[in-house]
Every structure is written in structure tokens, then in C-alpha cells.
Amino acid sequence: TQLLEQSPQFLSIQEGENLTVYCNSSSVFSSLQWYRQEPGEGPVLLVTVVTGGEVKKLKRLTFQFGDARKDSSLHITAAQPGDTGLYLCAGRNTGGGNKLTFGTGTQLKVEL
Amino acid sequence: DTGVSQDPRHKITKRGQNVTFRCDPISEHNRLYWYRQTLGQGPEFLTYFQNEAQLEKSRLLSDRFSAERPKGSFSTLEIQRTEQGDSAMYLCASSLGGGTSGRDEQFFGPGTRLTVL
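As given, the protein sequences belong to chains A and B, one line each in that order.
Letter 11 of the first sequence, counting from 1, is numbered 263 in my numbering, and no numbers are missing.
Letter 56 of the second sequence, counting from 1, is numbered 615 in my numbering, and no numbers are missing.
For the record, the hints were derived by calculation from the structure and aren't laboratory data.
Any given hint might turn out to be false.
[To be verified] Straight-line C-alpha distance at most 25 Å; calculated SDA-like pairs for lysine to any residue:
no.	chain 1	residue 1	chain 2	residue 2
1	A	K322	B	Q600
2	A	K311	A	S279
3	B	K630	A	G349
4	A	K322	B	E603
5	B	K616	A	L271
6	A	K309	A	L271
Given these sequences and hints, build the entire structure.
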């Protein structure tokens, strides 16, 4: 079973602060996706990373895939209250299957 | 809106009853997935279809659960003889498989929240 551990589990910060969320595994993934989920809704895809060492930017969000494709990070610059939500990383295994293995999530709250 | 849709959004049932959920994927997507999410956890994979063929099932999918995708378009997930432990958010996702980029991005619907009393 491929497991993805996310840290921290909970994060409460003030508007304007920076933060980093980590997603780690002992397994190699063929691709890794980051989602954001709001209460009572389905996860919304933010980004997909495929190549080891890949860095992608989405406005104030920066995503990085580890060189060995076992870990990833999400960095948010100058957080805003609209960034509040549950951030989930999800990996697609290298065995040819298509299911996603999700991390346990990081609950972010950005306060004014 | 051409995203993934799910119906109903909420379902409350009594233990022992059967329930059925429906998922309509993005129209050109040939792959459809069902996941289950309990409070405070990430979604867990249940099953996956490519067109009408069910290609993978999780061990989480007990014999009380059955999923179908009869014409390769919408899918249904039925739970028979519901138990309180079945209470969860049931999520459907779809993707356009077959590419070589390795992306095969999955897009999720809003989910069906099941409460078993």
C-alpha cells in the first residue's frame, strides 16, 4: 500500500504570512496532484506534476515535485482568507493503475 | 456547467435500507472513479471504470457495494443493507485516459453525503 503523509495537519495563520505544506511518501509516484477542498464539496484540482524536480506556479502558489518523485511541497506566498480550505495531495502509482492515493490533508485557515 | 455531477447531494437513510447514487462524468471522459471520504480523512479509492468495463475494485468495496457503468457514460453506486459505518461522502471523478503524458487528471464531482441512522 502506498501511503502519503501530509504535514502539518492543521495550520492557522494571519493574512499575509507565507506557508509550506509537505507531502511525503516512501513510494515513487508517476504523477502527483494537489487539490483544494471546501466543506461539503468535492476536491478541486490545482495542479499536476509529473517530472522529478518539476516546479509549477499558480499565482501565489508554488508546487514542487521531488527529484525522486516521492515527495512534493506546496508553498503559498502572502496567504489570503480565500486560501482557507483542505489541501490534499494525491499520487498516481507507477504500477500502471489509475487510482489516486490521497494524503490525509492539511486544513488551512487564514484569518484577517 | 460541463463538470462532473452527482445526484443526490445528500441522502439520509435508515440502517438496512438500500441506496443508489448516480454520477455523470464530463462528457468526453472515458474513465470514471468512485472514492469514499470520511470526516478528517482524504478520499479512498473504491472502484474505477474505463468505458463500461470495471477494471479495478478496492478491498474496501464489500459485497454490499456494487457499481455499474452500463453504456460507458453515467455510473451508479449501490449500497445494499446499509450500515452506520457506511456514512461518508461518496465522490465521483472522471478523466480522459489514454494519453502518454502521465497526467490523466481526475476531476471530481461535488459528492453525495450519506448519513445512515
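Unsatisfied constraints (hint numbers, rising)
Structure breaks hints 2 and 5.
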